[in-house]
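Participant: Build the full structure now, drawing on both the sequences and the hints.
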Amino acid sequence: MADTILEMRGITKKFPGVTALEDVNLTVTRGEIHAICGENGAGKSTLMKVLSGVYPHGSFEGEIVYDGSPVAFGSINDSERLGIVIIHQELALIRYLSVSENIFLGNERRDRAGFLDWNRTNHEAAELLAQVGLDENPTTPVGHLGVGKQQLVEIAKALSKNVRLLILDEPTSALNDTDSEHLLDLLRRLRDEGITSIIISHKLNEVASIADRTTIIRDGRTVETIEMDGSPGLQERIIRGMVGRDLETFYPERESTIGEEVFRVEDWTVMHPTQPGRVVVDHATLSVRAGEVVGIAGLMGAGRTELAMSIFGRSYGRHVGGQVYLHGVPVDTSTVADCIRHGIAYVTEDRKGYGLNLIDDIRHNISAAGLSRLSRGGLVDANAEIAVAETFRSDLGIKAPSVLSLVGQLSGGNQQKVVLGKWLYTEPEVLILDEPTRGIDVGAKYEIYGLINRMVAAGKAVVVISSELQELLGTCDRIYTVAFGRVTGEVPTAEATQENLMRLMTLERNVTDETLQPEVVR
Amino acid sequence: MNAVASVWELAQRNVRQSGIVVAFVVICGLFTFLNSNFLSPGNLTNLVLQYSYILILAIGMMIVIIGGHIDLSVGSLVALTGAVAAVVVIRHGQPWWVGVLAALGVGLLVGAWQGFWVAVVGIPAFIVTLAGMLMFRGLTYQVLNNVSLSPFGGTYYQINNGFLNGLLGGQGFDVFTLVVFGIGVAGYAFSQWRRRQGRIAYNQVVESLPLFVVRLVLVAAVVMAFGWQLSQSRGLPVVLVILAVLVLVYAVLTQSTVFGRHVYAIGGNLNAARLSGVRVRFVNFWIMVNMGLLAAVAGVIYSSRTNGAQPGAGNMFELDAIAACFIGGAAVSGGVGRITGAIVGGLIMAVMSNGMQLMGVPTSTQQVVKGLVLLVAVGFDVYSKRRGSATV
Chain A
1 MADTILEMRG ITKKFPGVTA LEDVNLTVTR GEIHAICGEN GAGKSTLMKV
51 LSGVYPHGSF EGEIVYDGSP VAFGSINDSE RLGIVIIHQE LALIRYLSVS
101 ENIFLGNERR DRAGFLDWNR TNHEAAELLA QVGLDENPTT PVGHLGVGKQ
151 QLVEIAKALS KNVRLLILDE PTSALNDTDS EHLLDLLRRL RDEGITSIII
201 SHKLNEVASI ADRTTIIRDG RTVETIEMDG SPGLQERIIR GMVGRDLETF
251 YPERESTIGE EVFRVEDWTV MHPTQPGRVV VDHATLSVRA GEVVGIAGLM
301 GAGRTELAMS IFGRSYGRHV GGQVYLHGVP VDTSTVADCI RHGIAYVTED
351 RKGYGLNLID DIRHNISAAG LSRLSRGGLV DANAEIAVAE TFRSDLGIKA
401 PSVLSLVGQL SGGNQQKVVL GKWLYTEPEV LILDEPTRGI DVGAKYEIYG
451 LINRMVAAGK AVVVISSELQ ELLGTCDRIY TVAFGRVTGE VPTAEATQEN
501 LMRLMTLERN VTDETLQPEV VR
Chain B
1001 MNAVASVWEL AQRNVRQSGI VVAFVVICGL FTFLNSNFLS PGNLTNLVLQ
1051 YSYILILAIG MMIVIIGGHI DLSVGSLVAL TGAVAAVVVI RHGQPWWVGV
1101 LAALGVGLLV GAWQGFWVAV VGIPAFIVTL AGMLMFRGLT YQVLNNVSLS
1151 PFGGTYYQIN NGFLNGLLGG QGFDVFTLVV FGIGVAGYAF SQWRRRQGRI
1201 AYNQVVESLP LFVVRLVLVA AVVMAFGWQL SQSRGLPVVL VILAVLVLVY
1251 AVLTQSTVFG RHVYAIGGNL NAARLSGVRV RFVNFWIMVN MGLLAAVAGV
1301 IYSSRTNGAQ PGAGNMFELD AIAACFIGGA AVSGGVGRIT GAIVGGLIMA
1351 VMSNGMQLMG VPTSTQQVVK GLVLLVAVGF DVYSKRRGSA TV
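In the order they appear, the protein sequences are chains A and B. Heads up: the first sequence at position 322 corresponds to 322 in our numbering, and the numbers run straight through without jumps. Take any residue in the second sequence, note its place counting from 1, add 1000, and you have its number in our numbering.
Hints are computed from structural coordinates only; laboratory data are not their basis. Built from N, CA and C at the ideal position, the CB exists for glycine as well. Heads up, some of the hints might be wrong.
[Unchecked claim] Derived contacts from chain B toward chain A, CB cut-off under 7 Å, selection only:
1. Q1204
2. A1265
3. N1269
4. L1275
5. S1276
6. G1277
[What the hints assert, rightly or not] Okay, the calculated beta carbon distance ranges per label pair:
7. A:D350 to B:G1122: 16 to 24 Å
8. A:H57 to B:Q1255: 47 to 55 Å
9. B:L1319 to A:D177: 55 to 63 Å
10. B:I1127 to A:S256: 52 to 60 Å
[Unchecked claim] To give a feel for the contact side, a few chain B residues facing chain A, derived at Cβ under 10 Å:
11. R1195
12. G1198
13. A1201
14. V1205
15. Q1255
16. S1256
17. V1258
18. F1259
19. R1261
20. Y1264
21. G1267
22. V1278
23. A1331
24. S1333
25. V1336
Facilitator: This is how it looks when you write it as structure tokens:
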């Protein structure tokens, strides 16, 4: 029997209205690298937050046994004291502080009088950097380092806290292949020095190469824990575990009458706005026909939203390259106003951050993108505006006492309908919906699917971006898969399964370099 | 007049705004109780002459704040534009209107300068206008060669200190003043009636007819009482007409134009505005240009009021204007506020200064009290928001 360092038993974590984790069990052996896999929203990060004390003891059910004794963490400080350190996907480093300052942030090295002991700080930082194989001066500001090196600084910071169980959330999602390889090597070396790691990753190749065991989580439950003994078919087994549900009959029926091509994006390439040289969208090409719903499937960070937002008035990224065609004619989409004029609409995935003015009312939010239709000589016709808002309120079933109600007071589903109303009022030909049902309840989801059907029935072209494969299978005619910025596949829904989509969504660049063309399943 | 009226209509919907109106009424009542001279014809006329430039600054500042910015340079700009007008009129003997045009031109130019840095370069307005506050003050000293210029005299002096009266004769009160007020009230009642009819046509919720009539009568009574007092003193101040026109124009600009809507959108959620096709740079640029223009108007009025230009004029005016906006319901984070709110906020500041002066309260105490009022007003705002919802 192997020596168990951590056992989480029967973990159940509920949020208002949602059960994020239900009876999850996780056993981690001392000195192993344990991978956790699951779809977006499966509950991986929630589980790690429970473990590290971000969600304090008492806010969840179940027990955590660490090093042979039950523990009750009240905060992240409690777990760190016992050597459990979590490194989040979004690195928690302060750009303007030096490497050594970052390493000892909150854990400062002080002399007897209580002042900072800079010699000791920099000396110890240098030792830690040597340990993680980072050849940088400890006084360099962190902002001057690339993401790969920043990741190493995070690990050095963890080591400074005498880490014994290191948790990494998507550590390589922002790294290139060399940096990733370097990081994985480091994890192996740390393992040999007795540090246990838990790694959350979407990259199945990576999981296969580094993990000793893998636990799969789906819909807040543990599916199984697999010994990664190198036997064939392990990746397929993981994929099956991640998606294995039945497609419920949850989607309104729809007759597809597909016409001519309306919208086409060719050779679309986008660079990261702040990290020079990082390609976020890589020569993507896709098309949508009239009356067609096309899905874009991809895991978090695959570049789906970046693709959509860069098309929509270059709202994301730098050095956007490529061409958009409407009805075969090249069009300029370099500003949002251009897109609206050409009949392209984009419903953002982040409705609170990018979609709505929460402190204004329904009326003004709905008219926000189509004010030119309501105004003459710059003067808005207030009565017509109310009439428009009323139309959409009844048409979309927005539940609110009045169109003068503040949007911030509506439920998520009703807020989403307001955003949809805003874009429907611009009378788009092409409607790009980014995570249209994120965080809204089942009833509202169904209504939004019905709305998509009405749009295509009216001959519009609809693009649906979603993390939920089931949703794409239920609503789309055709699905593109994207992975790491590239379009890796194009699958008619009739032939698509969650398994083959997930395989295409996890295709890494090095595997498919020979076959740069997207795979078309026929 | 329009200001007070529109605030009444707001009172039904917005707790924050109606709270301000109530506060205003209470403050006025308090000063009337403490000093019987407060509502006298002479003092009301004085109020108008003394504080209109702050109200004009508050109008522009409200738009700036709704857009999510701030402008610290308006005090210096008031001084600079007044100085330019003084140099043109007094030193070079040009007619009054050349001086006014020169001042307004400088205001537009400065606004475009600050708009460039805010909108095109993308420097926060706080920094741009802090720099402007220093620069324009320095330029004022240079334009004036470190000495005051006075007097303007003539028509320029009448801009702030003149009255339109006697045009229709008088029997102890000025008929013309009352006629103008009457037309204003009738116009207001008519526009309210049309608005109500429009809403009814679109099946919107409207207040009941008796309530509507009571509200109109109440507003008309207050406004006409104010007009009656003015007519018993020196008649209709020119500056009040200027102020009324500005309030009207800017109320329409903010509430009924695409531009105004875009200002609210940018202040409410910059990202959402950008993704809705709002030309953020364009809007921000013109917000700053407009502030420059209104600061120039205030500069003309203030220099007319003091009948000259002083290097130190307009000191701290920006803070009075900003305070007026926040007292009048603007949100610190932008996206919320009304022109009428700025006016009521400005009136609260004005009435408090004036009332305390009448009572002989020392200036030092006045400043403490005004500071406290600002703190309480915004504190109430923050408190009610926190209680209202966790999403904001």
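Participant: Run through the hints listed earlier and report the numbers of any the structure violates, in increasing order.
Facilitator: Failing hints: none at all.
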